[in-house]
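Novice: One-letter residues, chain by chain:
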Amino acid sequence: MLDRDLPSQGGLSVLEFRQVSKTYDAGHGRVTALKDLSISVRPGEFLTVVGPSGCGKSTLLNLLVGLEQPSGGDILLNGSRSIDRRRIGYVMQNDNLYPWRTLRENVEFPLELRNVPEAERRRISLDYLAKVHLRDFADRYPHELSGGMRQRGNIVRALSFSPDLIIMDEPFGPLDAQTRLLLQNQLLELWADEGKTVIFITHDLPEAIALGDRVMVLTARPGRVKSVHDVPIPRPRNVRHLHEDSVYRDLLSRLGDELAEEISAGGVSQ
Amino acid sequence: MSVVTMEPKAAPVPRRLSRASKIRLARLVLVVALLALWELGSGRLFATFWVSKPSLIAVYLWDWIVSGDFFHHLAFTMGAMLSGFAAGTVLGLAAGMWLSRAPFAAEVLDPFLVAMNGIPRVALAPLFVVWFGIDMLPKIVLVFTLVFFVIFYNTYAGIRSVDRRFTDLAWVMGASETELFLKVILPAATPYIFLGIKLSIPYALIGAIIGEFVASSAGLGWKIQMETSLYNTTGTMAGLIVMMTIVVAMNAALNALEARLLSWRPEAREVRAQGPQA
Numbered sequence: 001m002l003d004r005d006l007p008s009q010g011g012l013s014v015l016e017f018r019q020v021s022k023t024y025d026a027g028h029g030r031v032t033a034l035k036d037l038s039i040s041v042r043p044g045e046f047l048t049v050v051g052p053s054g055c056g057k058s059t060l061l062n063l064l065v066g067l068e069q070p071s072g073g074d075i076l077l078n079g080s081r082s083i084d085r086r087r088i089g090y091v092m093q094n095d096n097l098y099p100w101r102t103l104r105e106n107v108e109f110p111l112e113l114r115n116v117p118e119a120e121r122r123r124i125s126l127d128y129l130a131k132v133h134l135r136d137f138a139d140r141y142p143h144e145l146s147g148g149m150r151q152r153g154n155i156v157r158a159l160s161f162s163p164d165l166i167i168m169d170e171p172f173g174p175l176d177a178q179t180r181l182l183l184q185n186q187l188l189e190l191w192a193d194e195g196k197t198v199i200f201i202t203h204d205l206p207e208a209i210a211l212g213d214r215v216m217v218l219t220a221r222p223g224r225v226k227s228v229h230d231v232p233i234p235r236p237r238n239v240r241h242l243h244e245d246s247v248y249r250d251l252l253s254r255l256g257d258e259l260a261e262e263i264s265a266g267g268v269s270q
Numbered sequence: 001m002s003v004v005t006m007e008p009k010a011a012p013v014p015r016r017l018s019r020a021s022k023i024r025l026a027r028l029v030l031v032v033a034l035l036a037l038w039e040l041g042s043g044r045l046f047a048t049f050w051v052s053k054p055s056l057i058a059v060y061l062w063d064w065i066v067s068g069d070f071f072h073h074l075a076f077t078m079g080a081m082l083s084g085f086a087a088g089t090v091l092g093l094a095a096g097m098w099l100s101r102a103p104f105a106a107e108v109l110d111p112f113l114v115a116m117n118g119i120p121r122v123a124l125a126p127l128f129v130v131w132f133g134i135d136m137l138p139k140i141v142l143v144f145t146l147v148f149f150v151i152f153y154n155t156y157a158g159i160r161s162v163d164r165r166f167t168d169l170a171w172v173m174g175a176s177e178t179e180l181f182l183k184v185i186l187p188a189a190t191p192y193i194f195l196g197i198k199l200s201i202p203y204a205l206i207g208a209i210i211g212e213f214v215a216s217s218a219g220l221g222w223k224i225q226m227e228t229s230l231y232n233t234t235g236t237m238a239g240l241i242v243m244m245t246i247v248v249a250m251n252a253a254l255n256a257l258e259a260r261l262l263s264w265r266p267e268a269r270e271v272r273a274q275g276p277q278a
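In order, the protein sequence lines correspond to chains A and B.
Per our numbering, the very first residue in the first sequence carries number 1; after that it's consecutive.
Per our numbering, the very first residue in the second sequence carries number 1; after that it's consecutive.
No wet-lab data here; the hints were simulated from the structure.
A quick note: this is a predicted structure, and the numbers were derived from the prediction, not measured.
Treat the hints loosely; a few may be bogus.
[As the list claims (entries may be wrong)] Restricting the straight-line Cα-Cα distance to at most 30 Å, the calculated cross-link-like pairs of lysine-lysine (DSS-like) are: (1) A:K196 to A:K226; (2) A:K196 to B:K198; (3) B:K183 to B:K198; (4) B:K183 to A:K131.
[What the hints assert, rightly or not] Listed next, the stretches of chain B that the computed footprint assigns to chain A, with coverage defined by at least 3 CB atoms under 8 Å from CB atoms of chain A: (5) 164-175; (6) 183-192.
The beta carbon of each residue, even a glycine, is placed where N, CA and C say it ideally should be.
Looking at chain A on its own, in the form it has when it is part of the complex (with noise of 0.2 Å):
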């Protein structure tokens, strides 16, 4: 089990935000898209990120993994300023293969770029495969796979080099309920497997609160953080029976109250 008392300040997180801000210069003057917001990711944590639309998610996105360079303040990986986006996995919104490689040279794909011999290679991608049920599809191409089996590649391409940090951007979004289920479950279990520290951001609270150790609460635009909540619903947790469970309702109910305020907020400033 995690340790939930870890100290939220000092080296001892993955990452850090401090005081972030990132304003566009639009046509008709400055846009602030996230204004003083500060995380602070422990090691091994599921953190997982919900706000109304609006609330600077693809700006946040964007910031954690370097494509983008913060306004104000600080962001910390590993104690460092530096962001060294070797360490950093990421899983898009849509699935995103690269359709000329099969299924198994995607996942070797950041292998590739780590310089990692072929042996290893083949290894390494085999056994994720294996992990998440599609090492039959492994010399497979993309638009031979469903949607579901597409999107599991790209999660365990993402895991395939022992990231530091794995962010996930809304990954089973386009996915059928039965299917992601049936991935969130999957998913739990890889990251039980790997201690991996994930930020994973979803618009869906029953996702994020079923995942997450913390749930964190986005302001509408400008996003902030309005509320971080433990989810104290013990691991190992299934995911198709959680909606029995007490802890889960009410938190469901009172951080539905919470962003249902940010969505009327985020509508009243439009």
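Got chain A sorted already, so can you dock chain B onto it with the hints?
Specialist: Okay, now just chain B, sitting in the frame of chain A:
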């Protein structure tokens, strides 16, 4: 485009013809029907003098191949065509790769490229004779000016159309500029580039033949022109059939190569490419 239907991998009724064999059979029927119409109509519906007929052409071709200078002319035309094609492909690829990564230069050069590509190549042919003589060189240059632009524009468009998500993701995963280009951009653009190469084959032949029409001492174009000036339509038709065969054969070879290189592509997805204004 017709509707693409999925067919089961193992056909339940093995005796029925596959779609591919049906297409091949239909093509054969079409060829035979057209040749029969030509053969039987010639001399009855229209005078043989103007259109010749398949049996005469076959005999002419046979004599030409066995006793004549067929291979001399074929080698001349193919030599010009393939050299110009090779040079145009290599430099078109290089220019496309460079300009797609250099937006400033691309914008500066754009009107010049449009203007140069706009010149009808027939108008250039006499100038090339003045510059390069009447041997193979002016034909090679003419082929080059056609092929280059087809390959260049397709490579450029192909690289520019690579999905941002693909390149962003590779960057996040730690790809260097070189890796990004070789492992993501180039494979993603390959369907466009390949289509450009296929599109340029008929242009390569057009260039070689125009060059031979203007001034030459050999080649299929020169042969056709000579036969036409003698009102020998059988000889002209024989030359045309040889040219058609060249284009079809090269296209088939490239299709085979494409099937291997682009086996990852779902068949339903097709890339639209840009042709030249030649």
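Novice: Give a verdict on every hint.
Specialist: Each hint, compared with the structure:
1. As the CA atoms of K196 of chain A and K226 of chain A are separated by approximately 26 Å, the hinted pair is consistent with the 30 Å bound.
2. The hinted pair formed by K196 of chain A and K198 of chain B fails the criterion: a straight-line CA distance of about 49 Å is larger than 30 Å.
3. Proposed proximity of K183 of chain B and K198 of chain B is supported: the alpha carbons are some 23 Å apart, at most 30 Å.
4. The straight-line distance between the Cα atoms of K183 of chain B and K131 of chain A is roughly 27 Å, inside the 30 Å bound, and the hint therefore holds.
5. Counting residues of the region 164-175 of chain B whose beta-carbon sits less than 8 Å from any beta-carbon of chain A gives 10, enough to reach three: the coverage restraint holds.
6. Coverage of a stretch by a chain is defined here by at least three residues with a beta carbon nearer than 8 Å to that chain's beta carbons; for the region 183-192 of chain B and chain A the count is 5, and the condition holds.
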